[in-house]
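**Q** In case you want the letters, here they are:
There are 2 protein chains.
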Amino acid sequence: MSAQDSLPVNFGVVVFPTFQALDVFGPLDALNILSRRHGMNLSIIAKSLEPVSTKYGDPSLNPFNSNFGESIVPTHDFTTAPPLDVLLVPGGFGTRADDIDPLINFVRETYPNLKYILTVCTGSWLAARAGILDGKRATSNKSAWDGVKAVGPNVKWVSHARWVIDGNTWTSSGVSAGTDMMLAWIEEVFGKEDAAECTRVMEYQRHLDPNDDPFADMYNLPREG
Amino acid sequence: MSAQDSLPVNFGVVVFPTFQALDVFGPLDALNILSRRHGMNLSIIAKSLEPVSTKYGDPSLNPFNSNFGESIVPTHDFTTAPPLDVLLVPGGFGTRADDIDPLINFVRETYPNLKYILTVCTGSWLAARAGILDGKRATSNKSAWDGVKAVGPNVKWVSHARWVIDGNTWTSSGVSAGTDMMLAWIEEVFGKEDAAECTRVMEYQRHLDPNDDPFADMYNLPREG
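Read top to bottom, the protein sequences are chains F and B.
So in the UniProt record's numbering, spot 32 of the first sequence is number 32, and the numbers just go up one at a time.
So in the UniProt record's numbering, spot 214 of the second sequence is number 214, and the numbers just go up one at a time.
Source of the hints: derived by calculation from the structure; they are not laboratory data.
Note that CB positions come from ideal geometry on N, CA and C, so glycine has one too.
Treat the hints loosely; a few may be bogus.
To give an idea of the interface, some chain B residues facing chain F are shown, with a C-beta separation under 8 Å as derived from the structure [said to hold, decoys possible]:
#, residue
1, Phe25
2, His38
3, Leu42
4, Ser66
5, Gly69
6, Ile72
7, Leu114
8, Lys115
9, Ser143
10, Val151
11, Glu203
12, Pro214
Let the hints inform the model, and build the full structure from the sequences given.
**A** Dropping the structure here:
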């Protein structure tokens, strides 16, 4: 068996109303490119097969009554999702919705069979609420840092980090940080050449140091974790 | 009438099969955030209302037969799109499809009534083929630079630029450059505070110099334009 045989093949991403677009599409743009170099499958997983929008449904989040957002089409619901090697969990205001529990349950039940889980922004809140970050080092976005202890009292939250790796859990800071994390993950798992190729096609200038986090400084966060 | 009254309100993005995800969702993530600060509408415009996928439909682009991509749901087709102030034109392999002409016609017919058009990556190829870049300075992605003169023989192509502004046309280099361009456009049109707020929420480290283009150097492109 070659090393190639053990590379992850089956990827999934969970989506929910009012997810943050770039949390999903930054990392997936890199994986889309990677899928031209390796055989890979993507499942887009939600509560139902209805399109899922980024729109700010809660009027308090949309004070000017904008009609602005994008809808993505799920391929599977929580009951039909296939076995996965890798699960991506985005964040966004929708992570705080009252009806997010089925998604959290899906993350909890899926995790034991994953090779890797990666969260972006407040996606780590969902993973924390699923209990899978307990006892682990993890990070989250910095503008809502005050909230992390409530959702994950047993998580070793790292305040100054663009992303954090602990075993097979990868967690990133806010939004754009997910793209840096995913490219680092591709480099770790698939190798330098694949990561360089994705970066080249994306014309992206990577942030290579997971500990360099100017946003933690912007909010004057104490050093924790 | 306050200055606010003249701000763009109606935004559109054209999508087509095998568009590049981040060309669309980098800039739109910034605009999604901006739509919480101003009343804004988004139309997602395609040939029909069927979901449009990033998937590499052409087998030559998908040598490992991956089943990997994301579908976005159009809100309008080319015949039903409302009047627009701003049109975003992404790139991707799908720009070279045989049946892209109706989209190019839409761009050509829509442009005279726009306040601004912004293209990302090979989105500028579509704008060039629509004739709206003739006599103007513009850029495009750098990995396919050889192709620009064929699609736009009368365009003043600028080889070393992350983005280029000429009147109301804004064109960016590849993929990630679209996010830098959009944040610069928000700063120019909506102001520094709005741009800073979008950047903060995105935890994004902007590239502020439109002339700093490491990818033109990577490909050893001659200085043109």
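**Q** If a hint holds in the structure, say so; if it does not, say that too.
**A** Hints versus structure:
no. : hint   : verdict
1   : Phe25  : 4 Å, holds
2   : His38  : 6 Å, holds
3   : Leu42  : 4 Å, holds
4   : Ser66  : 4 Å, holds
5   : Gly69  : 6 Å, holds
6   : Ile72  : 6 Å, holds
7   : Leu114 : 18 Å, violated
8   : Lys115 : 17 Å, violated
9   : Ser143 : 7 Å, holds
10  : Val151 : 19 Å, violated
11  : Glu203 : 4 Å, holds
12  : Pro214 : 7 Å, holds
In this structure, the hints that do not hold are numbers 7, 8, 10, in rising order.
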